[in-house]
Amino acid sequence: MADLIVDALNYVGIIAFAVSGALKAGEKDLDLLGFLVLGYSTALAGGIIRDLILGIVPPTNITSLPYQLAAIGASAFTFALYDKVSKYRDVVLYPDALGLGAFAAIGADIALKRGLNPLGVAAMAAITAAGGGVVRDVLAAEIPLVLRKEIYATAAAIGGLVYLSLYYIEGREVALLGTIISVVALRLLSLRYGWELPRLKRRAASPGA
Amino acid sequence: MADLIVDALNYVGIIAFAVSGALKAGEKDLDLLGFLVLGYSTALAGGIIRDLILGIVPPTNITSLPYQLAAIGASAFTFALYDKVSKYRDVVLYPDALGLGAFAAIGADIALKRGLNPLGVAAMAAITAAGGGVVRDVLAAEIPLVLRKEIYATAAAIGGLVYLSLYYIEGREVALLGTIISVVALRLLSLRYGWELPRLKRRAASPGA
Amino acid sequence: MADLIVDALNYVGIIAFAVSGALKAGEKDLDLLGFLVLGYSTALAGGIIRDLILGIVPPTNITSLPYQLAAIGASAFTFALYDKVSKYRDVVLYPDALGLGAFAAIGADIALKRGLNPLGVAAMAAITAAGGGVVRDVLAAEIPLVLRKEIYATAAAIGGLVYLSLYYIEGREVALLGTIISVVALRLLSLRYGWELPRLKRRAASPGA
Numbered sequence: 001m002a003d004l005i006v007d008a009l010n011y012v013g014i015i016a017f018a019v020s021g022a023l024k025a026g027e028k029d030l031d032l033l034g035f036l037v038l039g040y041s042t043a044l045a046g047g048i049i050r051d052l053i054l055g056i057v058p059p060t061n062i063t064s065l066p067y068q069l070a071a072i073g074a075s076a077f078t079f080a081l082y083d084k085v086s087k088y089r090d091v092v093l094y095p096d097a098l099g100l101g102a103f104a105a106i107g108a109d110i111a112l113k114r115g116l117n118p119l120g121v122a123a124m125a126a127i128t129a130a131g132g133g134v135v136r137d138v139l140a141a142e143i144p145l146v147l148r149k150e151i152y153a154t155a156a157a158i159g160g161l162v163y164l165s166l167y168y169i170e171g172r173e174v175a176l177l178g179t180i181i182s183v184v185a186l187r188l189l190s191l192r193y194g195w196e197l198p199r200l201k202r203r204a205a206s207p208g209a
Numbered sequence: 001m002a003d004l005i006v007d008a009l010n011y012v013g014i015i016a017f018a019v020s021g022a023l024k025a026g027e028k029d030l031d032l033l034g035f036l037v038l039g040y041s042t043a044l045a046g047g048i049i050r051d052l053i054l055g056i057v058p059p060t061n062i063t064s065l066p067y068q069l070a071a072i073g074a075s076a077f078t079f080a081l082y083d084k085v086s087k088y089r090d091v092v093l094y095p096d097a098l099g100l101g102a103f104a105a106i107g108a109d110i111a112l113k114r115g116l117n118p119l120g121v122a123a124m125a126a127i128t129a130a131g132g133g134v135v136r137d138v139l140a141a142e143i144p145l146v147l148r149k150e151i152y153a154t155a156a157a158i159g160g161l162v163y164l165s166l167y168y169i170e171g172r173e174v175a176l177l178g179t180i181i182s183v184v185a186l187r188l189l190s191l192r193y194g195w196e197l198p199r200l201k202r203r204a205a206s207p208g209a
Numbered sequence: 001m002a003d004l005i006v007d008a009l010n011y012v013g014i015i016a017f018a019v020s021g022a023l024k025a026g027e028k029d030l031d032l033l034g035f036l037v038l039g040y041s042t043a044l045a046g047g048i049i050r051d052l053i054l055g056i057v058p059p060t061n062i063t064s065l066p067y068q069l070a071a072i073g074a075s076a077f078t079f080a081l082y083d084k085v086s087k088y089r090d091v092v093l094y095p096d097a098l099g100l101g102a103f104a105a106i107g108a109d110i111a112l113k114r115g116l117n118p119l120g121v122a123a124m125a126a127i128t129a130a131g132g133g134v135v136r137d138v139l140a141a142e143i144p145l146v147l148r149k150e151i152y153a154t155a156a157a158i159g160g161l162v163y164l165s166l167y168y169i170e171g172r173e174v175a176l177l178g179t180i181i182s183v184v185a186l187r188l189l190s191l192r193y194g195w196e197l198p199r200l201k202r203r204a205a206s207p208g209a
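So the sequence lines, in the order shown, correspond to chains A, B and C.
For the first sequence, full-length UniProt numbering assigns the number 209 to the last residue and increments by one with no breaks.
For the second sequence, full-length UniProt numbering assigns the number 209 to the last residue and increments by one with no breaks.
For the third sequence, full-length UniProt numbering assigns the number 209 to the last residue and increments by one with no breaks.
Where hints are given, some of them may not hold.
Each pair may be met inside one copy or between any two copies, as identical chains are not told apart.
In the DSS-like style, the derived pairs of lysine-lysine whose C-alpha atoms are separated by at most 30 Å in a straight line are [said to hold, decoys possible]:
#	residue 1	residue 2
1	K87	K149
2	K87	K201
3	K84	K201
4	K113	K87
5	K113	K84
Calculated directly from the structure, the hints in this document are not laboratory data.
It should be emphasised that the depicted structure is a prediction, and the values quoted were computed from it without experimental measurement.
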C-alpha cells in the first residue's frame, strides 16, 4: 500500500519537476532540445546521481521507460503550451511538493537498504529530491536556487532523518508515508510563512573576490 | 571493417573535439592547464559519463592511453598555435561532424549491448557525442551550446535510433556505418541550410526570472 | 607510519577545503544550506568523483561519518564566525596546501592500486585534490579558479607522477611522503614567487564568440 502511494507520487513528482525544468528552459530561450534536456534532468538526474553513488547501474531512471516518457512528455507539453503552463507556475508548487516528499522517501529507502550511515541517508534523500534542480540550474549557468533560498533540499534531508527514526520504531511502510507527510508539510508551511534558512547578517565585504 | 572505420573516426573525433575545447579555453583566457582540461573534457567526458551510467569502470577513456594522448596532444597543439588554429575554426566543423557520427555510433553500440531500452540507446548516443561539449560549456560557466542552437545532440540521438533500426534489419556492421553516415549527413545539412530546432514563438515575459 | 601522517593531513585538508567552500558561499550570499553544501563539496567531491571513476561505490567519503562530520563541522563553524574566518583567509592557504598534498598522495595511491596508466594516476591525483574546488566553482556559477590561475591542480598532477616514480624506486611509504612534500613545496613556492602556468601572449580577438 505504501509502495503504491510512493509510486503514484513519484510520477506526480517526475511530471512537476519536468515542468519546472522546461519552464527554466523557456526563461533562458532554449530550443526544443533544451526543453527536453532540462525537463528530463530536473525530473530524473537526482535519482541518477543517487544510483551512481550507490552503485546501482544502469540507474533505474535510465532503464525505466515509463519514467523517461513521463519526463519527456511533460517537457514537450510545457513547450507546446508554454504560455498557459507558465501562467499556472504557482499551482505547480503543490505537485512539486508532493514529488519532493516522494523523492525524499525513495532516496532514504534505497540509501538505508544499502547500509549508509544517517548522514548518508539524509544526503541521499536530499540528492534524490533536489539534485535534479541543481543540475537544471547548473545547465542554466545559474547558482542553484536551493543553495540560495527557500526550505527545499533541507526539507528533503530532514525527511531522510524522519525516515530513519520511523523505520526503526514503526517499520518501513510507516516510515515511507511519514517521510512524505513531513516533507510536504514542511515545504508547504515554509512557502506559506516565507520561512528561510539563516544567512549572514551583513554581507562581509569581499573586494575583488 | 566497420570497427576499423569507427575506430579511425573515433580518433578524428577526439582530436576535433579537443580542439573545440581548447579554442573555448582561449576565448575565456584560461592558462595552459585550462586548455588541457577543457580539451580533454570535450573529447573524453561524454564517453566517461556514458561508461559511469552503464557501470563500465574505470571508463575506457580513462584506461586508454592513446585516447588520452590524442586529446592532450591536440589541446597542447591548439595552445601552441592558437592564432592559426583559431583562423581555421570553420574547417574543424568537418572532422567534428565525423567525430559526432563515430561517437554516436559507439554510444549506441555499447548501450544496446548493455540492454538499454530505445530511449536509453538514443540518450547514450547523444551523451557520448555531446556530453563532452556540455561539460566544456559548464566549465566555461556558459549555458551549453547544444541546448540553445543548432542540430547537434539531436543528430546524435537520431543516430541512436538509426542504429537500433538497422541493427535488427541488417546487423551490427551496417548499423555502425549507417549511423555514422546519417549523423554526419544530418549535421552537415543542418549547418549548410541553417536548420534549427523549433523554439518558442515569442519569448514569454519573465520579469525578474 | 606514512599512513598515519597521510590520514592526519587528510583531516587537515578536509577542514581547510570545507572552509574555502564556505567562504565562497559567503561571497555569494548563500544561506546556511549553501554553506554546508559548498563546504561539503569542496572537501569531499573530489574523492567522490575519483571513487565513482574507479568503481568504488558507495564512495569512501560518503560512507565515512568522521570525514562528513569534519566537513560539515568546518562549514558550520565558518558560517557562525564568518567575519573572523574571512579575516584569516590567507592563513588557510597553509593547511590548504597540506591538504592538497595529502589528497594528491591518496588519489595516486588508489589509482595505482586499481592499475591505471601513468596519465590516469596523474589525473586521479589532480581530481582528488582539485575536483572539489571545481565543483565549488561550478555551483557558484564561476569558471573554476584552477583553470584560470595559480599552480594548484598542476601541483597535484605532478605529485601523481612523483608518487609513481618513488613507488617503483623506494616503495609505497616513501612515495606517499615524497608526494606530499613535493606537492606542498611546489604549491607554497608558487604562491611565494607568484608562479603561473603559461597563457596566450595576446588574447586572440574572438568577436561574438
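In rising order, the numbers of the hints this structure does not comply with: 4, 5
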